[in-house]
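Enquirer: Residues per chain, in single letters:
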Amino acid sequence: MNLLDGLWGVLDLLLVAVLLLLAMAAVLSSDRRRSMMLFIVFGLVLALVWARLHAPDIALAEAAIGAGLGGALLMATLRRDTHQQTDQFPQHPVVLWGVGVLVMVLGTAIAWGLFSVLPTVEQTWRKGAAVDAQLAFSGVSHPVTAVLLNFRAWDTLLELAVLLAAIFGIRALGYVRSAYVTEVAFSQLAVWLVPLLILMAGYVLWAGAHSPGGAFQAGALLAGAGILLRLAGYSHAGLPTTRWLVRLGLVAGTGVFLLVGLGLLGWGQGFLHYPIAYAKWWILLIEMLATVSIGMTLTLAFMGGIPQKEAA
Amino acid sequence: MILDALSVLLLLLGLFFFVSGLLGLWRFPDTFARLHALTKADNLGLGLVMTGLLFQVPDVLWAIKFILVWLLALVASAVNAHLIAVFLHRQQEGHDESA
Amino acid sequence: MNTVLLAVVVVLALVLLISLLIMLSRTRLTDRLLAVQLLGTLGVAILLMLAVVMQQRAFLDTALVLVLLAVVVTAVFTHRQRGGKS
Amino acid sequence: MNEAASVVWVISLPLLGALLATVWRQYAATIGWVSSALTAGCAVWLLWVVQRAGVQELALGGWEIGLGISLYADGLAAVMVLMSSLVVLGCSVYARHYFRAQRQHELFWPLWLLLATALNALFLAGDLFNVYVTLELLGISASALTALGAKRAALRAALRYLVVGLLGSMLYLMAITLLYAAYGTLNAVQIAEALQVDPLGWAALLLMLAGLALKMALFPLHFWLPPAHSNAPAPVSAALSALVVKAAFYLVVRLWFEVFAPLTTPLLANALGALGAMAVLWGSWSALRAERLKLLAAYSSVAQLGYLVMFFPLLAVLEGEARQWLFGAMVLFALSHAFAKSALFLAAGILLQYAGHDRIRELSGTTQALPLTTFVIALAGIALVGLPPSGAFLGKWYLLDAAFKTGQWWWVLVLVAGSLLATAYVFRLLGHAFGHLPAVKRPVVAATQEIPALALALLATFGLGLGAMSLWSWLAHTGTGAGL
Chain G
70 MNLLDGLWGV LDLLLVAVLL LLAMAAVLSS DRRRSMMLFI VFGLVLALVW
120 ARLHAPDIAL AEAAIGAGLG GALLMATLRR DTHQQTDQFP QHPVVLWGVG
170 VLVMVLGTAI AWGLFSVLPT VEQTWRKGAA VDAQLAFSGV SHPVTAVLLN
220 FRAWDTLLEL AVLLAAIFGI RALGYVRSAY VTEVAFSQLA VWLVPLLILM
270 AGYVLWAGAH SPGGAFQAGA LLAGAGILLR LAGYSHAGLP TTRWLVRLGL
320 VAGTGVFLLV GLGLLGWGQG FLHYPIAYAK WWILLIEMLA TVSIGMTLTL
370 AFMGGIPQKE AA
Chain F
5 MILDALSVLL LLLGLFFFVS GLLGLWRFPD TFARLHALTK ADNLGLGLVM
55 TGLLFQVPDV LWAIKFILVW LLALVASAVN AHLIAVFLHR QQEGHDESA
Chain H
0 MNTVLLAVVV VLALVLLISL LIMLSRTRLT DRLLAVQLLG TLGVAILLML
50 AVVMQQRAFL DTALVLVLLA VVVTAVFTHR QRGGKS
Chain S
3 MNEAASVVWV ISLPLLGALL ATVWRQYAAT IGWVSSALTA GCAVWLLWVV
53 QRAGVQELAL GGWEIGLGIS LYADGLAAVM VLMSSLVVLG CSVYARHYFR
103 AQRQHELFWP LWLLLATALN ALFLAGDLFN VYVTLELLGI SASALTALGA
153 KRAALRAALR YLVVGLLGSM LYLMAITLLY AAYGTLNAVQ IAEALQVDPL
203 GWAALLLMLA GLALKMALFP LHFWLPPAHS NAPAPVSAAL SALVVKAAFY
253 LVVRLWFEVF APLTTPLLAN ALGALGAMAV LWGSWSALRA ERLKLLAAYS
303 SVAQLGYLVM FFPLLAVLEG EARQWLFGAM VLFALSHAFA KSALFLAAGI
353 LLQYAGHDRI RELSGTTQAL PLTTFVIALA GIALVGLPPS GAFLGKWYLL
403 DAAFKTGQWW WVLVLVAGSL LATAYVFRLL GHAFGHLPAV KRPVVAATQE
453 IPALALALLA TFGLGLGAMS LWSWLAHTGT GAGL
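Residue numbers (my numbering), protein chains in the order written: chain G, 70 to 381; chain F, 5 to 103; chain H, 0 to 85; chain S, 3 to 486.
Okay, chain G solo, but in the shape it has when bound (with noise of 0.2 angstroms):
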């Protein structure tokens, strides 16, 4: 048992050292595609930490997420930045000074609060053990995700607000879309991803009502397809052709969720609140669109925008 114990002690600190020499590695570097690679191995050793830590929700959106999707969006902002400036900030050596201090007096803060709260954190999650009490009424048995769909599904559809906003934010950047040269060999092998990647994208969608899973996870795994498609020369990818569809998909999942928030209102049962028996549907209903909203989202943040005609 004792052997035991300290074989979690001695891999927790190879963790925390990998973890700890990744974010270093990844701040001091000069060179930004240096830093990206350390960036997309950072995601994947956390994803690990998170495992280690009992958070399976949280490795799985962290592997998707992070790792993943985040890392092919930074590789393709990365590679559409033409011009190497950087923006530098000021280099005055008050305004470093005064930047160093504010950091140390705020680091200070962060490891003061929690040097504080430690002793104490397992009592107050024993207190907060709401969510379980309240879950066989929420219409999913994993109470992940009943906590992001039903307890505090406001949150989850203003996140889904941001998204939308992130992409518009995007557009008005007004990257240069550049098109890719297709190779044979990539694109057949793409072939066989993309199914597979739809098929986790659905099975993750559909784990998230009983085990670690969901919209977030499942969209990233969309946008995955999407994006080996557009590599393999589908200039689309996969998307619908027709500008408005693809509008409609973007704002299908922010909107199915408002409607059914406002209908219930309607209904006489409040913003959101959903009744017991049909929770389980509105959910799954939600859910499903928020994953081609998230998908697509994902798709076109990495394309730049709708695409437009393209020159063969």
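None of these hints come from the bench; they were simulated from the model.
Ideal Cβ placement from N, Cα and C applies to all residues, glycine included.
All the pointers check out, no bait thrown in.
Computed spacing ranges between beta-carbons, pair by pair: (1) S:Trp-412 x G:Gly-169: 21 to 31 angstroms; (2) F:Ala-82 x H:Met-0: 30 to 40 angstroms; (3) F:Glu-97 x G:Thr-177: 45 to 55 angstroms; (4) F:Asp-34 x G:His-279: 45 to 55 angstroms.
Chains F, H and S: place on chain G using the hints.
Expert: Okay, now just chains F, H and S, sitting in the frame of chain G:
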């Protein structure tokens, strides 16, 4: 007990391949050779670790998922290796100055 | 048995740390890309081991997702854009 | 429909508008101003409900508060929602004819309505994590809107704005993590009840203040504001200066006076007030030296936020009735600045469109060419200086009064110096604008652009000045968080 022993054996073999992949990455002189060593190592290493774990799983659903992960890893690593090789080839032909 | 499995995990994590150090010592992009690939496989292996040790089936899904999206990342990174720019 | 529904509608209407404007792009402008008008109507409804029936607390999803999220509307929140909805309405009417390029039009409306959603959701949030989500929506839509300025400087400013915003949110999020770990709830009222004076509370307060000070551009963290606010399109600049920084200020007020009340000492308040005083002096001085009108307006925002923070040390020592009135005066000052600054930016936009530039030295003939716009600038100037009958006059007057009452005379010096500088920059601006040029062409200005600007400026001066008493007394006596 025998199953456990078998499992340990396979895991150790897997570890061996991972370590040899590491050595390959460290010592092999040119990048194509390193690519070669690496792909072998991580396919076999992961495969052996996976097989070793198969004797420890609680039910058959786990086993199916393990095998699925490995098969996908094979496909993925083939694609990855191909992509990296093409990328490398292009660089060496001098198409790409930016790297 | 769990102790043995965990010991293997620790060794794998050690290999992870060393490959990271190798990656940091390399200057060429492709070498680093190779190291990333090794790190990815090691991560998946560790996740599979942890799934058994901690009896969490969800980690298998995480491993699947990692494997699938690793391809996407490599594809984006190595793909050539029109006009010869890489 | 029951009364609490008004809380939901002021958030849902702009969000619904944003979604519709995305899909039916050709009607985006119409959808935009109609939903802004409806939202403003609902905001009036909400204010009326709060005035009649008191504080509205809505547990979303029917879950007990703590497990679920609550929306919370007291007098302060309702007034802020009304302020934001009116400014948004004014800018929406203005924006219909502002954008020339199709692409800007297409992107502006969804982002604009998302910004309005974020603002109202933030003012009404009763849950600290929900506040974080609204801050994200606010930060991302605001920086995306800044990027619509399309010039290289605007893109650069937008990206910096985005990074600064994310940094601020991150600090805020860390504080929430600490609070949640300690108290097991995210609800503001529940945390306020459970909060103890201990290292954790201090750390959380410090992190939140640092994050929000960054977002509200409190001196010396204001470096990002002038480029972002001066390079964005005019209606966006108006909302950024009038509303977005004020949202961060509103959160500071909520946290300071309600959640962290036991931790806030006069010493800390004085430190904040000192930063505010420096913001007043530095911002006003920079505004006086600014070459461009929009830059002047942006620096003046730094100064005006400084005044708002200067209320804190005085509120910390006053008690009872006097404190309540001072609190009301602070809110009045914030409202007045919101209307005045949005009017000023809208006027600057008109000027920029017709003169092609906004260099202050070359504004001669503006009065002849654009008399109404010049009038708007003058009215806004009155409110920025704090002359009667503007709402800012009452705010400053009461601040002065409180400073004398409590013997903290040094704030008076700052106040006088700031006001003199403000007078100087406003009169410098007007001096150039009144310069006479022979034979000036009268451009045709769309009434839909000048009238909203005028309406906002009138609200800031006469509306808030003459109609202030009832609003002020209501703010001081009911529902504001001051007494909590």
